[in-house]
Amino acid sequence: MKNKIFLIYKKLYRHFGPQHWWPGDTRFEVMIGAILTQNTSWLNVEKAIASLKKHKLLKPHKLYKLSSKRLASLIKPAGYYNIKAKRLKNFLRFLSVNYEGKIGKMSKEETQALRSRLLAVNGIGRETADSILLYALDKKIFVIDAYTKRILARHKLISEDAGYDEVQNLFMRHLPSRRDIFNEYHALLVRLGKEFCLKNKPRCEECPIGKEQFTVHSS
DNA sequence: CACCAGGCAAGTA
DNA sequence: TACTTGCATGGT
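Under our numbering, the first residue of the first sequence carries the number 280, and numbering increases by one thereafter.
No lab work stands behind these hints, which were simulated from the structure alone. Any given hint could turn out to be false.
Claimed, not checked - Pairs of lysine-lysine residues, derived as BS3-like cross-links and limited to a Cα-Cα distance of at most 30 Å, are as follows:
(1) Lys355 <-> Lys480
(2) Lys355 <-> Lys333
(3) Lys381 <-> Lys341
(4) Lys283 <-> Lys478
(5) Lys338 <-> Lys418
(6) Lys473 <-> Lys283
(7) Lys473 <-> Lys418
(8) Lys355 <-> Lys368
(9) Lys387 <-> Lys344
(10) Lys381 <-> Lys335
(11) Lys418 <-> Lys381
(12) Lys338 <-> Lys387
(13) Lys348 <-> Lys333
(14) Lys332 <-> Lys355
(15) Lys381 <-> Lys348
(16) Lys332 <-> Lys387
(17) Lys480 <-> Lys435
No experiment lies behind these values; they were computed from the predicted model shown.
Make the full structure from the sequences, and use the hints.
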């Protein structure tokens, strides 16, 4: 088979349809959500964002001025609230110092240069940086997460211990270089992961991608 | 009750 | 470099 990566995308899109990612009203909200969702269910992140919205604090300058203690108490439902409060403030300082708190200014930066600068912020790793680049700033970069690795490993397209860059390169080499496809594909992988590829209750037999690719034939 | 979710950094060897 | 641990709420 020529290009499994792209074929899987088409199969998932046909099965699930467009996912309309990232859920969020503004680019700033997407960025905050990207940090809050680190190893955390999106349902809990929504609660945290709702509480920030309720207090009308979901703006760069408002949030930056908030004390870490106060911020932590507001984002409590998202878990890891003390460390996430610090991470948010690190990012907000980065945004304020380098771009005057203006997303528009940040978005003018070249993709790889901005990625490097985001990675230098304590609390922003590769997935968070790439999520911000793709989903908040419409940059052409593919996001890798735990679901993505698990799904590809199960279908024998990567090894269990494949690294982030390795998997990201695999996607970006095998797909049309289009932001909308990168956006939709990652969202579809998360959708598939949630419904068919959970750690405790996998439903491989009903997987829309098909079971033939990972079935082990004995004898 | 146990398990784990759209990670990351710091500590250790 | 590679492996381990802390961080924490809330849904299933």
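Taking the hints in turn, this is what the structure says about them:
1. Lys355 <-> Lys480: Distance ~28 Å between lysine 355 and lysine 480 Cα, so the pair holds.
2. Lys355 <-> Lys333: holds (14 Å)
3. Lys381 <-> Lys341: Distance ~13 Å between lysine 381 and lysine 341 Cα, so the pair holds.
4. Lys283 <-> Lys478: holds (23 Å)
5. Lys338 <-> Lys418: Satisfied, since the Cα-Cα distance of roughly 22 Å is no more than 30 Å.
6. Lys473 <-> Lys283: Holds: lysine 473 and lysine 283 sit about 21 Å apart, inside 30 Å.
7. Lys473 <-> Lys418: holds (25 Å)
8. Lys355 <-> Lys368: Holds, at roughly 15 Å.
9. Lys387 <-> Lys344: holds (25 Å)
10. Lys381 <-> Lys335: holds (18 Å)
11. Lys418 <-> Lys381: Holds, at roughly 17 Å.
12. Lys338 <-> Lys387: Within the cut-off at roughly 20 Å; holds.
13. Lys348 <-> Lys333: holds (18 Å)
14. Lys332 <-> Lys355: Status holds; Cα separation ~14 Å.
15. Lys381 <-> Lys348: holds (25 Å)
16. Lys332 <-> Lys387: Holds - the C-alpha atoms of lysine 387 and lysine 332 are around 27 Å apart, at most 30 Å.
17. Lys480 <-> Lys435: Measuring from Cα to Cα gives roughly 19 Å; hence the hint holds.
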